[in-house]
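Student: Letter by letter, the chains look like this.
There are 2 protein chains.
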Amino acid sequence: MTSPTTETAGSPRAPGTCYADAAAFRSALLDAGLLVPTAATGLYQRSGDFEDAVRAVEAWAGSLRLDAYPRRSLPPILPRADFLQTDYLRSFPDLAGIVSVFTGGDAEHRALLEDLDAGGNGSTVLEPAETVLSSAVCHSVYPTLDPAIPDEGLRLEASGFAFRHEPSLDPVRMQSFRMLEHVCVGTPAQAEAHRDVWLPRMAEGLGSLGLDVRIEAANDPFFGRVGRMLAANQQQASLKHELVVDIHDEKPTAIGSTNYHEDHFSVLFDLTTPDGNLAHSGCAAFGLERIALALLSRHGLEPGHWPTEVRRELG
Amino acid sequence: MTSPTTETAGSPRAPGTCYADAAAFRSALLDAGLLVPTAATGLYQRSGDFEDAVRAVEAWAGSLRLDAYPRRSLPPILPRADFLQTDYLRSFPDLAGIVSVFTGGDAEHRALLEDLDAGGNGSTVLEPAETVLSSAVCHSVYPTLDPAIPDEGLRLEASGFAFRHEPSLDPVRMQSFRMLEHVCVGTPAQAEAHRDVWLPRMAEGLGSLGLDVRIEAANDPFFGRVGRMLAANQQQASLKHELVVDIHDEKPTAIGSTNYHEDHFSVLFDLTTPDGNLAHSGCAAFGLERIALALLSRHGLEPGHWPTEVRRELG
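Chains as they are written, first to last, in the numbering used here: chain P, 1229 to 1543; chain S, 1229 to 1543.
Hints are supplied without guarantee of correctness; some may be wrong.
Simulated coverage check for chain S against chain P, where a stretch passes if three residues somewhere in it have a Cβ under 8 Å from a Cβ of chain P [claimed, not checked]:
| id | stretch |
| --- | --- |
| 1 | 1314–1324 |
| 2 | 1368–1379 |
In silico negatives: residues of chain P with every beta carbon more than 12 Å from chain S [unchecked claim]:
| id | residue |
| --- | --- |
| 3 | 1252 |
| 4 | 1279 |
| 5 | 1303 |
| 6 | 1424 |
| 7 | 1428 |
| 8 | 1467 |
| 9 | 1543 |
Beyond 10 Å from chain S on every Cβ pair, some chain P residues (computed) [as the list claims (entries may be wrong)]:
| id | residue |
| --- | --- |
| 10 | 1445 |
| 11 | 1457 |
| 12 | 1468 |
Quick caveat, the hints were computed from the structure, so don't treat them as lab data.
Even for Gly, the Cβ is constructed at its ideal location relative to N, Cα and C.
Bound-form chain P, shown alone (with noise of 0.2 Å):
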């Protein structure tokens, strides 16, 4: 499987240098067939090569796990029930992505192709679906776990789709893509080590794959003006550091970020250490797609030409 890559295209940069802007990291890829564009923006679809750098990148973040803990894989969207439970549409509505379906007969059927006809989009006879977009592939975890959280914690890995409505020109902010999770649920000092076990070492597993990565305190994008506020505490408090990298220099770009939850979601799905307290959460996240699109900025658009070195940590 080769792609339409040319030699100017596919050539790495030297180091230290990066695209000038989203623009021309964007049409860079474009011409190299690495992604295809669609008619929405910041949507996708991936070459066989982007793909296979994209799943390299995803059994590489896995490897790095500490244990022999549970791996999940999960569907592109989650229950209704439990997305509403996380407040995520509270806080991040200007993100989510919420589904409806048709659940009429012959009549609502007329009616559905009467406002087609007529230019409409058919939401007037749509119904509230049992499902919504994932918003992060942990979110949709806590909701199936067994409450009981054993003495020693839980640490799963989780992957899969993620959707955020963030419809933009810059490659890095694609509208759905794929994170890999390592989780951890336990006591407060078991969530707060699994963070203080990643940070270094995603920036070092990152760095060790040729990327100029640096650790940043950072706060999730809370909506509005209440939203602000809530950014500031989460930061003040240390609840969020960020992998940040130079793929193009318009702006640095997390590619991923470690996240203590305290007890957030334990609270909303009642998960308890055997002490009887509500159990603490953390995760450590890799953007899959982000890391992939900062190793073809880094090392040049042909995967097969990366440094053998990063080759070979890939697998």
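Put chain S on the given structure of chain P with help from the hints.
Tutor: Okay, now just chain S, sitting in the frame of chain P:
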């Protein structure tokens, strides 16, 4: 990575037998930890072992390719505009998943929070998104093609998640699942030849995995009264065939299909052959989770213990 499979649950069934019904098969899969149920009927998280089996099936289904044509990996959503053009919402309204998003400011956010506080689902303040859930992977491909189809026809392999709103306790009927399709767009003769090559090739390939498949004339589940006529026409014109296997004894399951679309998609997206005529298209589709489930039913719930020749065939 070991799953908590018991000796009994993991044992292969005697040849020619299968689970008594969907409920028995579902229980066995959940007990073995291969699928993790969620709050939404027919939506599952996959264990590492299950996911490995699905990806092995995906690689195997791709390897049956006859030429080195391009591969594409698709996100689980497609542009709404493309989707509406395919008429899927008219023909299969009951299966579709339509996405809404929030595009408001602080005032609309307040309205959203009030609605959620009152037990609502927020749908009154949502707007149609630029995307919808993918119906079938090949539907996402046609709108992105260069409409000038080359002399030799165009072939590609496409893989990704599809959504069908068919909540069911039968584990073969998932709301969110993956398909791999070998797609052909070309002259009517090229598209027909694609079908004629793939139908026996799929049957033989699935047979080499130890599955007792039969080929059946089939139709798509067109909705409603008019739909019944469309389905009958489709079957009479021999446009769809399914590869069917007994995963459990309740009813047979289609694990693959060939579809000859005539000029249905070419009319919509102006796909034209060099003679100036509308192209015809066809696809050979593998249901990846369903094939994995068929293998688990046939060869036992521990993929590591499947017959050597099956594991060799899967690579």
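Student: Please verify that the nearest CB of chain S lies beyond 12 Å from residue 1543 of chain P's CB.
Tutor: 15 Å, holds
Student: May I ask you to check that residue 1252 of chain P keeps its beta-carbon over 12 Å from the closest beta-carbon of chain S?
Tutor: 22 Å, holds
Student: Over 10 Å to the closest beta carbon of chain S is the bar; see if residue 1445 of chain P clears it.
Tutor: The assertion about residue 1445 of chain P holds, with a minimum of 26 Å to chain S.
Student: Evaluate the condition: distance from the CB of residue 1468 of chain P to the nearest CB of chain S exceeds 10 Å.
Tutor: 22 Å, holds
Student: Does the no-contact call for residue 1279 of chain P survive, Cβ to all of chain S over 12 Å?
Tutor: Violated, because the least Cβ-Cβ distance between residue 1279 of chain P and chain S comes to about 4 Å, which does not exceed 12 Å.
Student: Over 12 Å to the closest beta carbon of chain S is the bar; see if residue 1467 of chain P clears it.
Tutor: 23 Å, holds
Student: Hey, is residue 1303 of chain P genuinely clear of chain S, shortest beta carbon separation above 12 Å?
Tutor: 4 Å, violated
Student: Checking a non-interface call: every C-beta of chain S should be farther than 12 Å from the C-beta of residue 1424 of chain P. Is that right?
Tutor: Residue 1424 of chain P is indeed farther than 12 Å from all Cβ atoms of chain S, at 26 Å.
Student: Far enough from chain S: is every CB of that chain over 12 Å from the CB of residue 1428 of chain P?
Tutor: 25 Å, holds
Student: Would you check chain P against the stretch 1314–1324 of chain S, counting CB to CB pairs closer than 8 Å, and say if three or more residues qualify?
Tutor: Our answer is that it holds, as 5 residues pass the Cβ test (under 8 Å) against chain P, meeting three.
Student: Please check whether the stretch 1368–1379 of chain S has three or more residues whose CB lies within less than 8 Å of a CB on chain P.
Tutor: Held - the stretch 1368–1379 of chain S has 4 residues with a Cβ nearer than 8 Å to chain P, which meets the minimum of three.
Student: Can we trust that residue 1457 of chain P is non-interface, i.e. its beta-carbon lies farther than 10 Å from all of chain S?
Tutor: Label holds. Min Cβ-Cβ 13 Å, cutoff 10 Å.
In summary, the structure is inconsistent with hints 4 and 5 from the numbered list given earlier, while agreeing with the others.
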